[in-house]
Each structure stands twice: as C-alpha cells, then as structure tokens.
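Undergrad: If you want the building blocks of each chain, they are given just below.
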Amino acid sequence: MLAIAGTSLLPGFTVIGLVLGGVYALAAIGLVLIFRVSGVLNFAHGAVAMFATFVAYQISVVNGAPGWAGLLVAIAAGAVVGLLVEVLTMRPLAGKPALTKVVVTIGWLLVLQTLAGILWGANAYHRPVQLVSRAGFRFPGTHVVVGYDQLTTVLVALGLALATAAVLRYTTIGTAMRAVADDPAAARLWGINVNRVTAASWMAGSAMAAVAGVLITPLINFDTFSLTVVVIDAFTAALIGRLTSLPWTVVGAMFLGLAQTYPRAFSSQSGLGELVTFGLVLVVLAVLFRPGGRRIRLV
Amino acid sequence: MNAPTSDPALRRAVVLGAVVFAVVAPAVLSNYLRSLAADALISGMIVLSLVVLTGLVGQISFCQYSFAALGAFTVGSLVAGHHWSFWMALIVGTAFAAAGGVLVGIPALRLSGLFLAILTVAVALFFDRFLLAPGTWNAFSGGVEPWRPARPSIAGISLDGSYAFYLFVLAVFLLTSLLVWNLRRGKVGRVLRAIRGSELAAATVGLDLTAWKLAAFGVSAGLAGLAGGLSAVAVGSVSAGSYDFLHSVSVAAVAIVMGVGTVASAAAGGLFLAFGPWLLQHTPLSTQYFNLIVGGLLVLQLVFTPQGLVAHNEQLVLAWRARILARRRAADVSAPPDDLDRPPATDELVTSTEASA
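Just so you know, the sequences run in chain order A and B.
Positions 5 to 303 (the numbering used here) are the ones given, in order, by the first sequence.
Positions 17 to 373 (the numbering used here) are the ones given, in order, by the second sequence.
Hints should not be assumed to be uniformly reliable.
What the hints assert, rightly or not - Simulated restraints on C-beta separations:
no., chain 1, residue 1, chain 2, residue 2, range
1, B, Arg-339, A, Ala-189, 21 to 27 Å
2, A, Arg-192, B, Arg-339, 53 to 59 Å
3, A, Ile-122, B, Pro-150, 48 to 54 Å
4, B, Gly-202, A, Val-287, 21 to 27 Å
5, B, Leu-26, A, Gln-273, 37 to 43 Å
6, B, Pro-150, A, Val-148, 30 to 36 Å
Said to hold, decoys possible - If you only want the chain A side, here are some residues facing chain B, beta carbon under 8 Å, derived:
no., residue
7, Pro-70
8, Thr-93
9, Thr-104
10, Leu-114
11, Val-115
12, Leu-119
13, Leu-123
14, Gly-125
15, Ser-230
16, Val-233
17, Ile-236
18, Phe-282
19, Leu-286
20, Leu-292
Said to hold, decoys possible - Over the 10 Å line for every Cβ pair with chain B, so calculated as not near, a few chain A residues:
no., residue
21, Thr-18
22, Leu-22
23, Trp-72
24, Ala-80
25, Pro-96
26, Val-107
27, Gln-117
28, Thr-118
29, Ala-126
30, Gly-151
31, Leu-166
32, Arg-173
33, Asp-187
34, Arg-192
35, Trp-194
36, Asp-227
Since the hints were made in silico from the structure, they are not lab data.
Even glycine gets a Cβ: it sits at the ideal position worked out from N, Cα and C.
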C-alpha cells in the first residue's frame, strides 16, 4: 500500500527534486568559481547566501518593497560580503596553505551566522521572499502541477550556469579568470591584475550565492541555520564536478536534488536528505578523488 | 626571534599553580559558577580532542560534538533507559565514539585536509538531522525519553553536589590532559610528528601510517565521547541541540584560536567556551554575541598570530622575562632552546596535509 502511494507521488517529487537541484547548482557554481580562481574552498558560501537573503527579506518582506528590489539589493549585498572576505582576509593570507584559508572562511561562517541571528532572530520562522507567483500549470500529459516559481528557479539556475560558462570562455575577464586559475604567476607576467580578477570571482560567486539563497527560501525552512548548511549540498554537487567542471556540477546538483527528494515519497523518517548527502560525499570522495585522479577543465 | 620558547621550571610552576587554583577556587564559588566550571572542563576535553587530531595529525574536524553526542546518547540511554551503571555506560559510550572516529578516519587516510574538512561537515549534519533526530534512538532508548541520567557516586561519595562533581570532572580532565601530554612528548608524538612531516619518509622507516593515523582518530573521538558522557550527567539530560554542527564549528574555532599545539590550550579554550557567554551577560551585549566574537577572533588570529593565543602569550611572557634576566646577569650564556616544545604554527600543521594531497 505504502509503496504504491509512494510511487504515485514520484512525478510530483521529480519537480521538487529538480527545483532543489537547480538551487544547489546555483550555489555550487559560485563555489566552484571561487575555488578555481582563488584556490579557497569557501565554507562561508552558504552563510553569505543566508545573509544576503535576509537583506532581501528586510527590504521586501519587512519594508514591503517589491520582490525584485529585494533580490537586487541582496545580490549587491552578497557581492559586497564576497569582496570584503577576499580583500580583508584572503589577500593578506596569500601564499599561506589552503587549509588556513578554509579555517578563515569558517570564522566568517560564524560571524555571518551569528550576526544574522542577532539582527533577524536566530530560531524563528521567517516569511520567505516570494519573487514569482506560486500559481502554476499542469505539466502536459500528467497530473503534476508545476509552479511558476519552481519553473523560474530551474530556468534561472540553468541560465546562470550557461552564462557563467559563456563568460569564462568568451570574455576577457573570463579568460583572465581561467588564466589565474591555471597559473597565477604566469597570469601576472601576462599583465593580468591577479588581485582584481580574484576579487571579481569572489564577488560574482557570492552574488550567485545570494540568488540561490533568495530562490531557495520558499522551499526550505527560512532560518539562519538551514541556509548556512546548504553549503554542504553545494559542496557535494561541486565534488561531483571534481570542483572544476561546471557542466558536471550542474548534473551533480540535479542528481543530488532528486536523490534527496525521492526517499521522502516512501518514508517520513526525518533527515533522509542528509543521509543521502553524507553517502554521496563518501562515494564521490572515494571514487573521484582517489590519488592520481584525472584533472578536468573548468569549462 | 631568538627568545627562549620554553622554560621547564617556569612551566612546572605555572601548571602546579593552575591545578591548585582549579582545586581550591571553586570552593568559594556559587553552585551555578561551579557547574559552569565543570562545563569548562568538559568543553576543555573536547578542545583537547582537537589538540590530538589537529595538533598531532594535522587534520581538522568539524564534527567533534557529534562524537561527544555518541558518548552522551549512549550514557543517557543506557543509564536512564536500561539502568546500567554509569561507569559501564561511560566506557561503552567512549568506545562507541572512538569507533566512530576510526570509521571517519578511514576515508581520511586517502584524503587531504581540505576534503576531510568537507567530510566532517557532512558527518556533523548527518548526525544532527538523521542519527540524533527524534525516533532514531528509540530502539536503543529502553522506552524512556527524554533521558535523565543520574549522577554516580565514587566509593560511597555521591557526586550530586556541585563541588564533588566538579572535582571528579577536574580529575578526569587532568588525567586526559596528562595522557595527551605524554602522547605528545613520548614515542607516539614523535611518530605522529614524523608522519605529519613527511608521510613518505615515515613509511620508509617502517612506520605503519594507516594504524597510527586511525589510532589518533580513535583517541581524539574517544576523548570527545568521554566528554559527552560526562556532559550527560553534568546537565542531567541529553538533547541533540547541545551537540549540533555549530557547537562543533565553535569548538574548532576556539581550539585554533588558542592554538592546537599545546595541552594548555584545552584549559584556556574550555574556560573561554564556558565563561565567555557568562561574562557577556554582564555586558551590554548578550550571550548571542559569543559566536560572533569567536568567529572574529579566529579570522584575526589566523591573520596575525598563527601559533595561537596560548603559545603567543607564553612567548610574550618569556621574552619579557628573558629581557629582565638578561639585564640582571648582563652577558651570561643562556641554555640552548628546547625545540621539541615549540608548538607548531597553524601554517606548519597544515603544510603536511597539503603535501600529501
């Protein structure tokens, strides 16, 4: 009985899983961009997303401005936080081991997480910023209703992934970013301002985190903690792309979104999503990151 | 740069003084402050577990409180649910946590520090949301929930009183500190330092890297589990919220701020973790600001004093003392510096993991 009820839920859960995957992809693309250009695994990525999203919440929900205004301010806030992290703490640590920088991002995680808790309340529920109407349409040939907000999320995720790839491949700043990613010293010799390019990657990556945060809030519990720990889902997706390949990161994010959602059709046990993430991290680290594994290009 | 980095006689005097102070001072404190002092020692043991893992092996962990939770949940369910003796439950809980540490350590054998950090975050969230979620422990709980494990008694002396319990926790803390101090100074410390310095060279001289690393993971997680088991009876109840990811992040931050290279950091870190929020209550700020300060300190410390606050201040004191002594006996020959005691800088403890990537 249960299994039949579960199976009939699957098409609807596919939509939810893909939307979740789209948001993870958005967060993971920023993470990969920052990692490739500056070599820093940004554990504060989720916290930046959370903080920017609360800025949008302040503008749109508390002050009553339209949703798009909140989104724009959030993107700006995300970029500013990213810039501050890079200029204030990453630049002085140039040449230090990667793990030191990772621990610094953990410090930022604590700072942003606590600051948001003080400003907007730590454990309370917050009304999400609704950018697009929740009304939807029936997917042709099925009974599944797809919300316009859900469709928007997936389209924005795919669009930004493609745009990032295009910028990296066809524009000057994108070429400069790839050059810095490959060899900062050589890039500097070619006249590239490495500091500026690194800062740009932090700003762009953090701005994408802001978009991901604003889009994800209607889907998950909107509090300071849940968004901060989305970073581990973004990491999982990015690890599937070996922290380098954007297309595989998007594929990984979609897979993770679906893998987290499907088990919920069959069991009400809480934390199944985390179980899936944990298992996937283990498998990916064991298989893809074995010593001497092949390197993949950024685009 | 040539300032002496250690002075055994001074250090012995400071440690002895600190121990005497730790035994005597709480006698005049209120019950509430005594329980805070016991909390400080328990948090200190979790910092100590990071002194083993990060200081000796060079691996960072963001899931030490998950191991503590294994100890606490085991003690809670066995004592309150199944009426076990506290001592047996504490041993089983510590063993569970140590086994958990070894399991997390297995993937870590092939990973560099960065990826292990990701893995430990995944472990912490897996514990928070799945393993410690209501219901998962039902099969283990003996039908009683929430668990309210009673405090044990030693040789007829009940530990219900706050001072008796504090002294008991202090004894455990000192024993574990001594253990870790011996690990650092003895053969184990030399072996782990060798592995951290160069895995290839260590393997060449016949060291079993796998066994040593896993043992260090087990000891570290076991220490955290022991602390968790004690915290279960310190508070008198067990709830998942006390062992979540943010606690782990916070304790890792404090351990790094204090410096993972010295055992003394455990005491300093524990005091900071327990009394920091209490002090904040007496300022215009609230306890909410504690993690903000911890995070800020972590960022500032890594940029300015990579050895950690304890080692940094010890050097300040020693340099100051050396200046006075030098003035006194003008041109005297000073003792050769003892390099073994020099705590590793945060940089140093991560370079080896980078090299193995």
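Undergrad: Looking back at the numbered hints, which does the structure fail to meet, lowest number first?
TA: 1, 2, 3, 4, 5, 7, 13, 14, 15, 20, 25, 26, 27, 28 and 29
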